[in-house]
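**Student:** So the chains spell out like this:
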Amino acid sequence: MGEVAGIGKLMRSEAGKGLTLISPTFVYALLLLAAPLAMILLLSFWTQEFLTIVRDFQLGNYQEALSDPIYTALMLRSLRISATVTLVTVVLAFPVAYYISFHVRHERKSLWLFLITIPFWTSYLIRVFLWRVILAYDGPVNSGLLALGVIDEPLGWILYNANSVVITLAHAYAPFAILPIFVVLEKIDRSLLEAARDLGESRAMAFLRVTLPLAMPGVLAAVLIVFIPTVGDYVTPQLVGGSGGLMIANNIHAQIFAFNNRPMGATLAVLAMLIVAMTLLWGISRLRFWLWLADRMGGGMRGGAIALGAAVAEIAAIRVAFSAAPGLVGPEAAIIGLLLIVSAGSALILTRVPKGRWGI
Amino acid sequence: MSQKTPIVTLTGVQKYYGDYHALRGITANIGQGEFFSLLGPSGCGKTTLLRSIAGFEDISSGQLLLDGRDMEGVPPNKRPTNMVFQSYAIFPHMNVAENVGFGLRRSNMSSEEKRRAVGEALEMVGLGKYGARAAHALSGGQRQRVALARALIMKPKVLLLDEPLSALDKKMREVMQVELIRLQREVGITFILVTHDQEEALVMSDRIAVMFEGEIAQLDDPETLYRRPKSRRVAEFIGMMNFLPAQVLPTGPGGGRVALDVAGLGHAELEAAQCPNGATIGAAEIGVRPESLTILYEGQSAEGGREAEGTVREVVYYGDMTYYDVLLDGAPSPVRVSMRNMPGRKVLDFGARARLAWDPRSMVMFC
Amino acid sequence: MKLNLLAVFAGVYLVVLYAPIVLLPLFAFNSGSVIAFPLRGFTTEWFGLLLDTPALHAATLNSLIIAISTAIFSTILGLFAARAATRYGFPGKGGIVGFIMLPLVLPEVIVAISLLIVLMQLGLNSGTWSIIAGHTLICTPFAIAILQGSFANMDRSLEEAAVDLGETPWSTFRLITLPLVAPGIVASLLICFIISLDEFIIAFFLSGNSPTLPVYLWSLLRFPAQLPMVMALGTILVLLSVLLLVLAETFRRRGLRRAGLKDTGGFL
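Chains as they are written, first to last, in the working numbering: chain L, 25 to 384; chain U, 83 to 449; chain X, 23 to 290.
You may find that some hints are simply not true.
Using 30 Å as the maximum straight-line C-alpha spacing, the simulated DSSO-like pairs for lysine-lysine come out as follows [said to hold, decoys possible]:
| no. | chain 1 | residue 1 | chain 2 | residue 2 |
| --- | --- | --- | --- | --- |
| 1 | L | Lys41 | U | Lys196 |
| 2 | U | Lys196 | U | Lys211 |
| 3 | U | Lys239 | U | Lys160 |
| 4 | L | Lys211 | X | Lys115 |
| 5 | U | Lys239 | U | Lys211 |
| 6 | U | Lys252 | U | Lys196 |
| 7 | U | Lys253 | U | Lys211 |
| 8 | U | Lys160 | U | Lys237 |
| 9 | L | Lys133 | L | Lys41 |
| 10 | X | Lys115 | L | Lys379 |
| 11 | U | Lys253 | U | Lys237 |
| 12 | X | Lys115 | L | Lys41 |
Since the hints were made in silico from the structure, they are not lab data.
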């Protein structure tokens with residue numbers, strides 16, 4: 025009786041009502057997202073033999089995926105393409121977001137945002153396909169350049185390779201990058217910039233010292249929102265990537281439908297998520313560290329140079345470890361070692377180094 | 083003050099939000115037809131108490147009676163109370179008349195009766211012709227009036243007002259203060275007002291409960307609250323008060339009177355009523371309002387010879403008044419004195435010497 | 023000078039953003055059967071061809087069923103979550119809401135493959151209902167984002183006022199909450215409909231024998247002869263999306279106006 029009354033009271037409390045109300049949606053997400061994700065994680069440790077799945081826990085798929093140059097090249101390429109897309113998208117999006125936030129009249133802003141989001145809502149498939157038309161050997165880009173006399177013969181390198189994948193994806197994800205940056209820019213109190221100018225900064229320095237640091241969280245959100253989904257894109261590489269532009273999602277699809285090797289497909293999916301998570305963890309923690317280092321070393325040119333040196337040194341070390349270590353200690357040990365170094369370093373930085381004025 | 087029939091009875095009301103103790107044993111009776119204010123700084127629990135009476139918060143322990151009926155487990159829609167919200171909560175998708183008539187939906191009045199009731203309610207708040215006006219086309223003062231009409235049409239036993247004037251500008255606020263007092267007299271319903279503005283509470287209320295940290299620090303009528311605050315904190319919250327260190331002397335005059343030596347002023351004798359916490363021999367503090375100190379000009383002298391001398395440390399000119407901060411000889415910090423400006427009376431300069439007249443009857447003592 | 027440069031950049035950006043879409047109608051009405059410049063002449067032949075393709079009609083019907091069901095389910099799930107997230111505080115709120123919103127950033131291929139593998143391991147056939155389930159999962163975060171805006175814009179004391187004036191919690195929801203969030207609900211339905219109608223990866227992985235419109239389109243892309251028809255279909259789809267979007271935006275703004283608020287920006 026007392027227990028029933030207790031539950032009744034809980035249901036009537038704020039927390040109880042909130043939990044009850046959100047439970048249908050949460051349970052749905054658990055059933056259709058958490059459980060399936062757990063399933064592929066489990067499956068990635070099993071193996072496929074002809075038509076049956078061997079349910080023995082082993083690391084064979086991971087060994088194969090990490091030692092076979094086909095897979096490693098594929099993963100590195102996916103990562104490289106996504107990173108490039110993210111860079112291009114965010115760098116191009118920032119000025120547009122800045123323009124809309126700072127220079128467009130208030131009542132026109134939502135029209136601009138609407139115009140920018142419309143292409144995102146139109147058939148992704150057809151948009152990607154149209155890039156194939158645009159970049160084609162006899163497409164508008166080549167024929168335009170030919171007509172203008174800029175080139176003598178059509179450019180072959182703009183279609184069916186990683187470049188075309190980057191162009192197409194950067195186009196597709198443009199609104200995703202603009203919106204978060206715009207939101208953060210809108211929140212910046214305009215009097216802060218006036219104060220910076222009043223205190224003697226030039227317009228450019230006011231931008232560098234006030235606007236940019238305050239906009240950083242939006243830039244970071246834009247990076248996440250572009251980088252994560254693009255790693256797993258299937259349509260673009262398939263349509264405009266040729267054989268040199270294929271990415272990990274294409275191989276996952278092939279593993280399941282063409283080779284009937286579901287465990288390997290699951291393994292690649294797990295690895296794709298792992299790569300995304302590790303890359304972001306590494307990138308964010310190092311960015312914080314380098315900015316912190318630059319400030320600690322006196323800021324300005326000297327601090328910047330020292331931080332840049334540290335960044336170059338670490339990236340070089342990782343490259344060496346990635347290419348040389350597998351030959352020395354074997355692929356699994358190299359990968360596990362690398363994972364440990366990256367995650368432990370990141371954890372150390374994220375717990376010990378405080379969030380700087382860049383808000384990262 | 084004679085107690086009217088209680089319509090709201092609070093007995094040991096406690097409210098916890100998790101570990102946070104929002105109401106710490108509130109006990110009070112609020113009378114039929116009374117204009118009652120809950121006054122305190124933000125976070126003191128006054129709004130929580132009001133919302134508990136309305137039924138939007140469950141009290142953790144204690145008892146709440148409305149019109150003699152225990153309100154435990156009674157939802158807001160079944161309580162004989164109605165509320166005027168701080169934001170007014172005017173339904174944006176309805177016009178003025180629909181807003182005012184909202185609560186009549188469940189009554190068994192005919193639609194003709196309902197229309198008449200809405201018309202009367204609007205007339206009462208001076209919005210007779212605004213029935214068809216869209217909600218978003220109303221000014222702040224008009225929203226306030228609609229909210230009042232909407233609540234009063236329900237003929238509640240108690241009308242609850244949650245900081246109803248805080249969203250209005252100063253002029254409008256003064257107009258609505260008078261309007262609320264008029265309305266309350268007219269309908270005779272108990273009003274419970276939550277406010278953080280001591281002036282508003284003093285102007286409007288029959289009685290005021292001053293709350294700090296979930297407790298009622300003092301519950302009195304405005305005059306008692308102003309003249310005889312029970313603690314230094316209440317005194318500081320209501321109006322301006324000077325505090326001076328004092329010594330309670332061992333040889334009292336007897337007859338319930340207390341003898342003191344006040345820094346900067348000298349010997350004083352107080353009635354027991356002026357010492358709300360009693361008096362023990364040793365260090366104490368006296369409080370005196372700025373208007374109870376008077377600057378003596380040349381040729382003037384204090385009745386009974388109660389004079390003190392000091393140096394003017396600050397002069398603040400307000401037009402009708404001038405405030406002086408005077409550091410009395412022998413006092414650790416300056417006292418504020420407010421003087422009405424009159425023709426021919428010269429405003430003292432910074433640094434001038436000043437003589438003050440004082441009266442022990444206007445003092446309170448805190449231990 | 024700086025301002026002009028920025029404006030020019032933004033203008034060029036917008037032009038490039040729209041470049042592919044602008045090409046669509048050009049090729050859709052082009053009488054040449056090769057998707058390349060120069061254009062030949064004007065024809066509506068390809069649109070006519072759309073009417074004579076039964077497989078396309080089946081795919082369209084399939085897509086409509088999926089999109090309508092998805093819109094309804096996502097909006098209902100979104101209503102629960104958005105209401106809970108804006109109205110109540112509860113332990114683990116950040117984690118729970120964050121997890122529900124996860125499909126927003128998760129690569130769709132991950133959602134698709136994990137659903138497919140579960141279906142395969144359970145020995146179930148994928149099909150229309152499994153696509154609806156998958157689409158509901160990825161559309162719910164969008165519904166929540168839109169509805170959260172509607173709920174957050176609504177002054178909480180409006181509901182309290184209704185209860186205070188004698189209404190029950192349920193009639194309050196019907197008389198006050200629902201009318202005020204209705205524009206948000208309509209916008210959510212429309213947006214989820216558009217997303218589902220356009221979604222390819224999950225449908226591609228799970229469609230089995232009954233393709234959705236995008237999956238059918240995908241199969242057409244392999245045949246150059248079919249491409250003009252794809253262009254015609256694309257034109258219609260783009261027009262439909264823009265129409266629905268304008269509708270959704272109108273409803274969203276009406277909702278803001280009804281709540282007596284100023285417009286603060288677009289979706290998301």
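**Student:** Could you grab the alpha-carbon distance between Lys196/U and Lys211/U and see if it respects the 30 Å cut-off?
**Tutor:** 16 Å, holds
**Student:** Going straight from one Cα to the other, do Lys115/X and Lys41/L come out at no more than 30 Å?
**Tutor:** Holds, because 12 Å separates the two Cα atoms, which is no more than 30 Å.
**Student:** Could you grab the alpha-carbon distance between Lys133/L and Lys41/L and see if it respects the 30 Å cut-off?
**Tutor:** Cα-Cα ~38 Å, so violated.
**Student:** For the pair supplied as a hint, Lys115/X and Lys379/L, confirm whether the alpha-carbon distance does not exceed 30 Å.
**Tutor:** 24 Å, holds
**Student:** With the threshold set at 30 Å, check whether the alpha-carbon distance from Lys239/U to Lys160/U stays at or below it.
**Tutor:** With a Cα-Cα distance of about 12 Å, the restraint between Lys239/U and Lys160/U holds, given a limit of 30 Å.
**Student:** For a C-alpha distance cap of 30 Å, please report whether Lys253/U and Lys237/U respect it.
**Tutor:** Given pair Lys253/U, Lys237/U holds - Cα atoms ~29 Å apart, limit 30 Å.
**Student:** Taking only the CA atoms, is the gap from Lys253/U to Lys211/U under or equal to 30 Å?
**Tutor:** Holds - the C-alpha atoms of Lys211/U and Lys253/U are around 23 Å apart, at most 30 Å.
**Student:** Hint check: Lys211/L vs Lys115/X, CA-CA at most 30 Å. Holds or violated?
**Tutor:** 25 Å, holds
**Student:** Please work out if Lys239/U and Lys211/U have their alpha carbons no farther apart than 30 Å.
**Tutor:** 28 Å, holds
**Student:** Are the Cα atoms of Lys252/U and Lys196/U separated by 30 Å or less?
**Tutor:** Given that 30 Å is the threshold and the Cα spacing comes to 35 Å, the pair is violated.
**Student:** Given the hinted pair Lys41/L and Lys196/U, is their alpha-carbon gap at most 30 Å?
**Tutor:** Cα-Cα ~36 Å, so violated.
**Student:** Need the status of pair Lys160/U, Lys237/U: alpha-carbon distance at most 30 Å?
**Tutor:** 13 Å, holds
Taken one by one, the earlier hints fail for this structure at numbers 1, 6 and 9, listed in ascending order.
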